[in-house]
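Read top to bottom, the protein sequences are chains C and D.
Heads up: the first sequence is residues 1 to 111, going by the working numbering.
Heads up: the second sequence is residues 1 to 115, going by the working numbering.
Hints may be right or wrong, so weigh each one.
To be verified - Mimicking DSS-like on lysine-lysine, the simulated pairs with C-alpha atoms at most 27 Å apart in a straight line are:
#1 C:Lys56 x C:Lys68
#2 C:Lys56 x C:Lys71
#3 D:Lys65 x D:Lys7
#4 D:Lys65 x C:Lys42
#5 C:Lys42 x D:Lys7
Said to hold, decoys possible - Label-pair ranges, simulated between beta-carbon atoms:
#6 D:Pro67 x C:His72: 17 to 27 Å
#7 D:Phe75 x C:Glu15: 20 to 30 Å
#8 D:Gly52 x C:Arg95: 20 to 30 Å
Hints listed in this document are in silico derivations from the structure and should not be mistaken for laboratory results.
Note that the structure is a prediction, hence the values are computed from the model and not measured.
Ideal Cβ positions, reconstructed from N, Cα and C, are used throughout, including at glycine.
Here is how the chains run, residue by residue.
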Amino acid sequence: GESVGLHLPTLSVQEGDNSIINCAYSNSASDYFIWYKQESGKGPQFIIDIRSNMDKRQGQRVTVLLNKTVKHLSLQIAATQPGDSAVYFCAENERAQKLVFGQGTRLTINP
Amino acid sequence: SAVISQKPSRDICQRGTSLTIQCQVDSQVTMMFWYRQQPGQSLTLIATANQGSEATYESGFVIDKFPISRPNLTFSTLTVSNMSPEDSSIYLCSVDTGGYNYGYTFGSGTRLTVV
Chain C
1 GESVGLHLPT LSVQEGDNSI INCAYSNSAS DYFIWYKQES GKGPQFIIDI
51 RSNMDKRQGQ RVTVLLNKTV KHLSLQIAAT QPGDSAVYFC AENERAQKLV
101 FGQGTRLTIN P
Chain D
1 SAVISQKPSR DICQRGTSLT IQCQVDSQVT MMFWYRQQPG QSLTLIATAN
51 QGSEATYESG FVIDKFPISR PNLTFSTLTV SNMSPEDSSI YLCSVDTGGY
101 NYGYTFGSGT RLTVV
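Next up, chain D with everything else stripped away, as it sits in the complex:
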């Protein structure tokens, strides 16, 4: 299965600022997914990122707030823009490992606190 490196692992940010989260995969993948996990909650998909095209956002998430880049088949970034305390969450990237018995692989997440 794929190995995902995500950074930063955690950050504390001032409201009104932006944070860019990086996700690096050790193999080429077609689709990369970004999720948000609010405190004590489940995972909610923010968007799907395909290389060479605009990301597809889920209902309730917009590009101006969560711009995503996908410059190649092993890397993606998610930016959380103009942050407020409500953005305090864990942000995770994921890839389809493409095989039965492996599911979708997740990074270890970025724990964001906005103050």
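Same shape as in the complex, but just chain C:
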């Protein structure tokens, strides 16, 4: 069945460094991808999205890269701050139907 997975369950980076969170997806028909941030006790918060007709999209301090050839998605966070500490999920979507979530990566920012 459909699944979206992540390579690393945890990631620690120094404050101010850049971080890269990776995600592999298996449904080649997925046409929309979203990155979410989840802080303790809260629901997932939208970070950035990308459609399958693009390979890169930038937001404020974040960049999402999509490689459809190898079905890989990544989230780059520039100049990480303590407030970036959270669990990050990727999610995929086919034709505006249900979202399928990856396993999540816990990002820890060290001072």
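Following the hints, position chain D against chain C.
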């Protein structure tokens, strides 16, 4: 983007009882989604709720255990029935905000503990 109010935010329940979780959206939406997030895990879709029709359940979830109501385009409820400790999870509702740059919006979740 839409704003979702979900309640209760948390509850501790006795096994064998049922809990109904409410989800209110500040705008009309076609589809509402209910997810479960077990401790330390990712989100798993329970069902999709459309107004005026039966909810569509994902594999492993059944209506008798998780009955859903969708009486109008801004409201839905999820009931967790005959609870056991294995039902201890965070339950979240979500809506398709319907636009690029917004994704799907989530409520803050209901943290359920069954004792």
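Each hint, compared with the structure:
Annotation: proposed proximity of Lys56 of chain C to Lys68 of chain C holds, straight-line Cα distance about 11 Å (limit 27 Å). In summary, the hint linking Lys56 of chain C to Lys71 of chain C is supported, as the alpha carbons are separated by about 14 Å, within the 27 Å threshold. Between the alpha carbons of Lys65 of chain D and Lys7 of chain D the distance comes to roughly 19 Å, so the proposed pair stays at or under 27 Å and holds. At most 27 Å may separate the alpha-carbon atoms for a hinted pair to count; Lys65 of chain D and Lys42 of chain C meet this at roughly 25 Å.
As the CA atoms of Lys42 of chain C and Lys7 of chain D are separated by approximately 13 Å, the hinted pair is consistent with the 27 Å bound. For Pro67 of chain D and His72 of chain C, the hinted distance range of 17 to 27 Å is not satisfied, since their beta carbons lie about 39 Å from each other. Phe75 of chain D and Glu15 of chain C have their C-beta atoms about 43 Å apart, which leaves the hinted 20 to 30 Å range violated. The hinted range of 20 to 30 Å is satisfied by Gly52 of chain D and Arg95 of chain C, whose Cβ atoms lie roughly 21 Å apart.
Going through the hint list in order, the structure does not satisfy hints 6, 7.
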